[in-house]
Structure formats: C-alpha cells, structure tokens
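Peer 1: These are the residues of each chain, in order.
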Amino acid sequence: MRGAGMGAALLKVEGLKVAYGRIEAVRGVDLEVQPGEFVGIIGSNGAGKTSALRAIAGVVAPVGGSITFDGAATTGLPSHAVVARGIAMVPEGRQIFADQTVEDNLILGAYLRIGKDDAGVSEDMARAFGLFPLLKERREQLAGSLSGGEQQMLAIARGLLSRPKLLVVDELSLGLAPKILDLLFPVLVELNRGGLSILLVEQMASYALRVTDRTYVMENGRILMHGKSDTLADDPRVLDAYLGRRTTH
Amino acid sequence: MKERWQFLIILALGVAFLVVFRQTEPTGYQMGLMMRCMILMIVTIGLNILIGHAGLVSLGQAALYGLGAYVAAWLAVKQGMQFLPAVAAGIIATAIFGAILAYPTVRVRGVYLAVITIAFGLVFQNILVEWLSVTGGTQGLIGIPRGNVFGISLTRPIYFWVVAGCLILAFIVQYNIIHSRYGRAMRATAQSENAAKALGINLAGTRTLAFVISAALAGLAGGLYTFLNLFVNYETFTFFHSVSFLLMVILGGTGSLAGPLIGTSILVYIAEILQDLQEWQILAYGVLLAVVMFVMPRGIVGTAGELYARLTTKPRARETQAWPNRSVPLADIHGEGTERGQLVLKTDGLTLRFGGLTAVDNVKLEVSSGTVHALIGPNGAGKSSVLNLISGFYTPTSGTIAFFGNSIAGHPSYELARRGIARTFQNTELFGQMNVLENVLVGFHAHYRNTLFETLFRLPRFGHEERRFLAQAHQLLNFVGLSDYAEEEARNLPFGHQRRLEIARALALRPKLLLLDEPAAGLTHGEIEDLKALIRLLADNGVTVILVEHHVEMVMTVSDHVTVLDYGRVIASGSAAQVQDNPQVIEAYFGTGGAEFARQHAVAAAK
Amino acid sequence: MGEILQYLLTGLSIGGIYALVALGFYIMWEATKAANFTHGDVYMFGAVVCVVLVERGFPLLIAAAMAMVAAAAVGALIERLLVRPFNKEPNAIGWMLTTIAIGIVIESTATITYGPLGRPLASPLAERPIRFGGAGIYPQELLLPIVAILATIALELFYRRTTLGRAMRAVAVNPTAAGLMGINPFRIAMIAYALAAAIGALAGILIAPVVQATPTMGALIGLKAFGVAIVAGIANARGVVIVGICYGVIEKFIEAYISTGARNAVGFTLMILALLLFPQGIFGRREVVKV
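Sequence order for the protein chains is A, B and C.
Number 249 marks the last residue of the first sequence (the working numbering); no jumps.
Number 607 marks the last residue of the second sequence (the working numbering); no jumps.
Number 291 marks the last residue of the third sequence (the working numbering); no jumps.
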C-alpha cells in the first residue's frame, strides 16, 4: 500500500549487506527513517556509513538485505531510478559539475521535472536562492570556482531541486571549516522543520548528535548502538569508539 | 612445472607434424603454403607476447613485417647481401622502429599506441608505393636471389627446415620470455600499473621491450618471407593484414603458448578456401572476430583450457596458516635491517596543491629506523597524499623529503622502490590474474641480476636466480601463512588473504621502509591482531614502518609514534597516549564541543 | 596565386570532412571514454544509403534525412551491443576489436550488395563550379567546412543551453553524480553515439555528389579523423574541428607541393610527431589519476 501512514516508516532498511569485490563494507544493517525525522549515522571511518548510504541511493547494488521506500521496494535500483522515487543524495565530496554554472547545476538537479513541472522548478530555484543567498550572487559563475563551503551549499540546493521526500546527506563536514559548518547544519535543521525527512551520515559526531532526532552508531559494518541523539550524546562509549579507547565500564 | 611439459609436448607435436608432412611428399605449392603459414606464425607469436602479456594492441604488425621483408629484399637485390646478414639487418631495422614508436607512446592510454601503429602502417604502405627508386613502387622488388648460407643454396626443401627452425626458435623465445621476470613484469604492468611501479618496474621500459620483441619477430618473419617468395610488394603488408594477425592471436587464445599456432593455421586455411572470394573472405574475418569476442573471448586454447580445468580440478580445501610465522627466519627474508637510531625519513615543509585545493600543508615528519610511525586523521586530511608523496606517486608542490639523508622528492616511484621503499595500497592492487606465488615473485624483480640475453638463452645464472627467488618466495608465503595458496589465482583469494599477499609481495622488495596504506580496512578482529603482531615483528627486526590507518584502536596499540593530520596540516605529533588526550585531536575527530565532551566524561569517570 | 587559393579551398573542403567525422569521435569519447573505431564506415553508410534511396525514387533531402536516421540507429546499436559490454577495462582492446569487426562487416556487406563501384548522387550544388581568383570549387564542396563549423556551434549551444546537452556533459564529467540527478548514463551514451553517427553520415552525404559513394570511401577517412581527434586532444569540439580543417588544408598543400602519393605518408608522420610532442593532444588536458 502506498503512502506513509502513522507508524509506517518512510525508509526501511533490513539486513543490508554491501560488498566491494571481497570487502564486506556493510554486514547486516537495519535502520529506518520515519516521515519528518532527522536521522544520523555516525561512526569512525571504514565503519561502512557511506557504503550503506550509497546502497540506499542506488549508487551501488547491495549484495543482501532489502530497502523499502515510501511503501515500495527499491533494493538494487540504479541511482537514476531511485531519484525518480523521491530520494535525493548530496554525495560525499560535493561532486558538483565543476565545468557548468551554478544555475546549470541546479537545473540538472531538477532534471526529471523539466518539461513536466517548470513552474515548480522555478519556485524551487527561488527557494534555494532564498536559503543560500551566496549562491544567488554566483548564479552565473562556474561551479568549480566556488569555495568548498559554497560548493556544499550548491550540492544541497541541487539535491533539493528534485523535490525529494527524503534527503540523504553524505559527510557534510568533509574538508570544511567549522565556521561553514555552523552555517550549514542549521539549514538542514530548517529544511527538516519544513517537513523534509533527512538521513545524515557524518564523521563529526558532535554536529550530528546536536542536530538529529535519532542516531545510529556504526562500527565495522554493523550498528553498534542507536537511540535518541541527546541520550547518545551523553554516552562515553561513543567518543571512545572514535578515539580507540577502551574505558572500563 | 606444468607449463614446461605443455611447452615440450607442443614442440614435439609440432616437429612430428612437420616431419610427417614432409613424408607425404607435398607439392611445391603445398610446401610454399606451409612455409608461409609458419612465417606468419612467427609474426603472431610476437603479437601474442605484446597483447597477451604486455596488454598492448598493435594494428601495424603487417608494416613491421613488411619493413623486415623490404630491408632484407633491398639489401639482397641492390647490395648483393647474403641471406644471413640481410635478414639480420631486417630484424635490427624493425627493432629500432619498434623502439621509436613505442617508447614515447606507452606512457599514455593504450588507444594512442594503437592509433600510432595504424598511422605507421599507413605511412609505410604509402612509402612503399611512392618511393619507386628504393621500393620499386607498386611493382615491388623482384628478382631476389635465392638465399645462400655458407655455400649451401636454400632451395625449397632445405629452406623449409630453415623456416621451421626459425619458428621453433621463436616458439622457444616466447616461452623463455613469458616464464621469466620479463614476462612477469609485462603481465604486472598490464594488470596493475600502480603495483608494478611500486615494485620497481619501469613501465615505459617494460612495455617498449615487449613492443621491440614483437617487432623483431615480425622483422624476422619478413626476412624469411623475402627469401621464400623471392619478390615483395605492398599488397602483402596492408592494414587488413594487421587486422588478420590480431584475429589469429585472439582466435587462437591470447597469451597462450599454442594459441598463435592454432589461430594462424585456421585463418590461413580459411584464406586458402576462400581465395577466389576476396570479399567473402573479408566478411568472414569480420564476422569471425565479432563471434570470437562475444562467444569465446579467451580463444580456442583459452576456452578449452577453462573447460578442462573445470572438469578435472577438484576443489581442494586450502589450509590457511597463522601469521606471522615466527619460525621463518626474517633475516633471510628481508636482508639486513637498518641499525637503530638512524633517521630513515625526514620531510620538511612538505606541501601538495591540486588546483585550488591544498591537500598537504607544510608537513614535517621524522621517522627513525625500526619504529612504527602512524599517520592518522579524519577523512580528507591528506594522509594518503603524504604516503603517495613519499613513495613517488605524487610530486610535491614544495618542501623536501629525505630518505637516509638523500633527497627523493619528485623521484619516480619505480626508482624509489629500488632504493628500498615499499608500499601497499588502500584497494589492494594485486596482479589478479597471476597466482599467489607469481605475485610475490614480481616483488623480487628489482633484485634479479640476470640480463635479457641470459634469460633468452637460459644460461646458468638464469636458473640459479629463478630457483633462489622461488625458494625465497615460498619462505615469504610461509611467513604470512599462505603456503597452501601458492597456485591459487590472486583474485580468488578471500579479502584478508589478499592483504597478507600484498604485504608478502611488498616484503619481497626487501624494503628499508614499508608504507602501509590502511592495511586493517576490511579485516576481522583476529586478522587485525595478527597484522599488529607482524608490524611489530618487522619493526623489531629493523624494518621501518609508516602506517596510515583509520582504525584508531589498532594504531594506538602498535605505534611508537603518531602524527595527526587535519586539513593537510600536522596538528599533533607524539606518543599514542599524548595524542589521545590532545584536545585539538579530539576536536578534529569529533567536532566542536568534543574537547568539552571529553573533559566532562573524564570528570564523570573520576567520580 | 590562383593555385594557392585553389589548394586552400579544396583543402578546406576535405578538412570539413575530417572535422565532421572527428567531431563524431569527440562526442562518443566524451560520453564513454571509448568510440566506434571504424566510424569512417558510418560516414560511408550515410553516403551509400542516401544514394540507394535516391535511386529508389526518394527526393534528395528526404533520402538524406532517412539515411541520417538509419545511421543514428546503427550508432546506437553499436554502443549498446559492441561498446558497452566491452568497455569495462581501462585498456581499449575489447571495444576496439568489436567495432573493428562491425566495420569490416559493414564495409564488406556494402561491397557485396552495393558493389565495389562508385555511384553518383545528384545535387544542385555540384553542377557548376564557382570561379574566382583563378580557382574553381563546387558550392557542394564548400558546404563541408561550413556545415562543420555550424555543427560545432550547434553542438556547443546544445551542450550549454539544452537540458539534454547539460546532462550529456554531466555524464562525461561525473557519471555517478549524473546518476544522482536522475540522468540515465546508459541512455545518454546511446544518444551520444546516435548523434555522432548522424553527423558522420551527414559528412558522407554532403561529399557524395562530388566524389561518388563507394564502399571503401570511409576506412581511410575514419582513421585519419580518429588521428585528428586524438591529436587535438579530444578535449573540446572547437579543438577537434580546428585540427580537422587544418589537417585537410595541410594535406592538400603536401599533395600540391610534394606529391599526391606522399600526402598520407607525410600527413600521418606529422600526426605521429604531433602526438610525440603533445602526448595528451594539442588542446588536451592531463588526466589526473587518483592513486
């Protein structure tokens, strides 16, 4: 049955397994995102967070498990089909199209809607420029000439242009200075308050724990623990997992 | 060795076939056909080495064949040269052209070499037709005197055995090259450029060698053709012929010993049958090429071999042994270690900028001998870039790197490998289609002293070295617990075993400095413990180790010294304990508030 | 003076052919880092099919359009069946061989069915040469460089202003990110090959009235055009077209001042030298490979 009713998760992932050749990056992960939630996945590098996200977005095909989005199975669908279902991914490292202008990048974000909902696309572009006035100033500039932070803004805005039901963000903080992060994370919070469900993979646990409702902690391809973000923020095991300390409990 | 038996059997069968053929008293025409077929086999054997082992494509072999033919013909007709020197000159001319064409182009994409060989072929044909005074134009060179060796005139019946002898020689050369460090180096460059460089193999040199060998064989074939046909003209050496040589190699089975022999025979036979139907012959070739690519990409010999292997080999349970195997004397494996207290590596102001991004910013490192030095930091901090700078894969924008006091910044990776810097890669770069033992043998490439000449003629030193390094390779496999897997293809190994193999291969270099790039990624907890033991064992025996790792727990327990990078800069450097409590480090990993968080918990824990 | 003008004009015309065919290689390479190695046979296919259709009674322009559509279909099929399954490895052997195979099949099928002899194609622009300054040239011949330049401008506009064009550039630069936009990289690849084939066929159709359509007209042109594309660096449409037109002119002057026969030898030698000097091509960008 389509549509998310009360209690029906928007995104449900069960037993997810992702492997690259012989490397098992994700070894059986269960997670879910309820409509309107802001969920985080944290963990040290190599934990499998990005691999899990890439499987959800269709960039890699999982070797096991299932992914259900908005009531329909999306396991193994290629990324261009997953976008059509309503998941937009802001990829790790931004991956904007450096040889095209800011505006072109946004148009590409709306690729599937051009010719079908041009009015909606213009609306969304205006809204994106409203969220990120810096981008509006630079709309005719080549995306490759933007700074790291501006590129991240562009990547987020581009993701929004497909009017997704779920925004999946991979490592927002990668290579960005804390000042920029202090600008960007609140934008995500605002978008979430406006009704957009967000799944965020983040290396910087402190940021993730501060902005999300619930968080999953991954290690070695599995979920180590999960729960409400503010509860986890007080749990010393989280920090120890990052710094390789084994505290006596 | 299984391969040597195959080689001897094919050789014996071939000679037997030829003897029987002569017994049937063939007509002059049939003998001529057989000789032409044998001559083409010499060309395709050379092409087989180039494609099947070095992984390069040439669409101009017909031109090289023609060059050998014309040089020999011109010298014979216009200069009255005898058979032996004329053919030798043909071989030398083609070898030189091969080197000129290959050396500059093998550094870029394979397609470029292919296009240059096509261009060369077309230029050659054009010259043949136009340069009347030398090449005789469209008529070609006629009236080539029958070959004469030490007074014996090479009439057909005798010449038959001369050609057969050359084919046998070519077949032996093929085997001798393939099963030697040169062949292994060629396969290595085709399967993983990065790993080959990191093991001291000069890519351009190896590829050029392969091309020159294939050219020389084509030149030999050309010279033989001249003295068979007694006239040469441009129609024998067209682009279409280059394509058919390619088809012969692929149909037979690229890379196999008998492949070129079988492929050439079949196509010469088809050409004979379809002699009067030129256009149908060309169409048949096109269709055959397409069919082979889709249905039998490994060719006849390759596909037959696969079927045979599938039917006969019983899956054997292989035993994985514990590693590191402390009963293996390390001194044998990696030679003398470095004395304690020496400064193995020092970088100063090391900076790397790509476009607008500063990946490495003013990094200072000092690594002492026999220590384990770890480089950690969040994703994107520049750790792998530092490793790539040290191993010669990247050139620094500024700053210095000194290895035992000598500057190595910007030196090519294969040279640094030969100086004693070995490395592993984040995505294990094994030579997937080579077996485990061969992978390790490639690691010894830089230590071999025997020359190409000794290899080709299997002189004693070749045998000594092969046996010695084979024994050492087995020792290394024993050390990492993979002895039972020696014959297994590297790409079939489970992941943890692939990592072990990569380390064994790196150790074959007998490095003074070993760079490990995320060796623990993807390993199970037990494997990580073993890895830690191995690293400590190496360090205690004088090998210096620099480790890039995300697995912070592992790093903290195995390292003597830890350097933390963030945004390309060093933010902390010291012992594991010092670094773990450094608030900047905590911030870098955990984000703002991390230090505060840590302090709160230290306070809470103390209560 | 009249002579030089003559060589220049004829050279521009031939250069136009090289430019158009090389443009096709550029489009295919940008989309897939591979190409139809025997794209020259698509050029021939366009000419031959157009001639056959005109002989069957179709008006010239309709026949030309139909031939271009047929060529586009062939191009798309080549991408789908012969390039995509064989483009998995970084070395080029797979797709080179399969496309060489199809080229051989197309060419020999044409020789067997259409016959080895050239057949004429009537065109109003190939009836009377225009003369000036002591040189004469059919307007049909001048169409080629003009169409080449127009095609480049149209292509650049397409890439810059249309959604599909932007999508194709996105796929060329970062296929993974393009997929995240909802762009299907496989469909884009097929479209690129179809477009390249249509342009190649157009070149064949444009020159057929001047030189007649024969099954062997494409092979050498294709190889030269591929060489031109690589020498230019396959980096941008403009570079490829400039090198193509220049090569045509240079070739003509070699023909005039050295000899007709020498033109391929000298021309290709120049190409080899250019590649040795500029291993990435004259306008090419260095590919940075992440270790």
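Be aware that a few hints might be false.
Unchecked claim - Derived CB-CB ranges, DEER-like:
1) A:Gly144 <-> B:Leu343: 55 to 61 Å
2) C:Leu273 <-> B:Gly137: 23 to 29 Å
3) B:Gln578 <-> A:Gly120: 34 to 40 Å
4) B:Ile270 <-> C:Tyr257: 40 to 46 Å
What the hints assert, rightly or not - Each computed DMTMM-like pair below joins lysine to aspartate or glutamate, with the alpha-carbon atoms no more than 25 Å apart:
5) A:Lys228 <-> B:Asp361
6) A:Lys17 <-> A:Asp99
7) A:Lys179 <-> B:Glu587
8) A:Lys17 <-> A:Glu103
9) C:Lys88 <-> B:Glu587
10) A:Lys17 <-> B:Asp566
11) A:Lys179 <-> B:Asp566
12) A:Lys179 <-> B:Glu193
13) B:Lys532 <-> A:Asp99
14) C:Lys88 <-> A:Glu24
15) C:Lys33 <-> A:Asp99
16) C:Lys33 <-> B:Glu193
17) C:Lys88 <-> B:Asp361
18) C:Lys88 <-> B:Glu306
What the hints assert, rightly or not - Only some residues are given here: those of chain A computed to face chain B with a beta carbon under 10 Å:
19) Asp30
20) Gln34
21) Pro35
22) Gly36
23) Ser44
24) Ala47
25) Glu92
26) Gln95
27) Gly149
28) Gln203
29) Met204
30) Ala205
31) Ser206
32) Leu239
Calculated from the structure, these hints are not laboratory results.
Cβ coordinates follow ideal geometry from the N, Cα and C atoms, glycine included.
Peer 1: For each hint, tell me whether it holds in the structure or not.
Peer 2: To see whether the hints hold, each was checked on the structure:
1. A:Gly144 <-> B:Leu343: 55 to 61 Å: 41 Å, violated
2. C:Leu273 <-> B:Gly137: 23 to 29 Å: 26 Å, holds
3. B:Gln578 <-> A:Gly120: 34 to 40 Å: Since B:Gln578 and A:Gly120 have Cβ atoms about 56 Å apart, the given range 34 to 40 Å is violated.
4. B:Ile270 <-> C:Tyr257: 40 to 46 Å: 45 Å, holds
5. A:Lys228 <-> B:Asp361: Cα-Cα ~38 Å, so violated.
6. A:Lys17 <-> A:Asp99: 35 Å, violated
7. A:Lys179 <-> B:Glu587: Holds, at about 14 Å.
8. A:Lys17 <-> A:Glu103: The given pair, whose Cα atoms are some 37 Å apart, is violated under the 25 Å limit.
9. C:Lys88 <-> B:Glu587: Violated - the C-alpha atoms of B:Glu587 and C:Lys88 are around 42 Å apart, more than 25 Å.
10. A:Lys17 <-> B:Asp566: 31 Å, violated
11. A:Lys179 <-> B:Asp566: Given pair A:Lys179, B:Asp566 holds - Cα atoms ~15 Å apart, limit 25 Å.
12. A:Lys179 <-> B:Glu193: 41 Å, violated
13. B:Lys532 <-> A:Asp99: Measuring from Cα to Cα gives roughly 45 Å; hence the hint is violated.
14. C:Lys88 <-> A:Glu24: 22 Å, holds
15. C:Lys33 <-> A:Asp99: 18 Å, holds
16. C:Lys33 <-> B:Glu193: The hint holds at about 19 Å.
17. C:Lys88 <-> B:Asp361: Not OK: C:Lys88 and B:Asp361 at ~37 Å, beyond 25 Å, violated.
18. C:Lys88 <-> B:Glu306: Holds: C:Lys88 and B:Glu306 sit about 21 Å apart, inside 25 Å.
19. Asp30: 21 Å, violated
20. Gln34: Constraint on A:Gln34 not satisfied, violated at 25 Å.
21. Pro35: Because about 28 Å separates A:Pro35 from the closest Cβ in chain B, which is outside the 10 Å limit, the hint is violated.
22. Gly36: Not OK, violated: A:Gly36 not within 10 Å of chain B, min 25 Å.
23. Ser44: Because about 6 Å separates A:Ser44 from the closest Cβ in chain B, which is inside the 10 Å limit, the hint holds.
24. Ala47: 9 Å, holds
25. Glu92: 8 Å, holds
26. Gln95: 14 Å, violated
27. Gly149: 13 Å, violated
28. Gln203: 6 Å, holds
29. Met204: 3 Å, holds
30. Ala205: 5 Å, holds
31. Ser206: 4 Å, holds
32. Leu239: 6 Å, holds
Comparing the model with each numbered hint stated earlier shows that hints 1, 3, 5, 6, 8, 9, 10, 12, 13, 17, 19, 20, 21, 22, 26, 27 do not hold.
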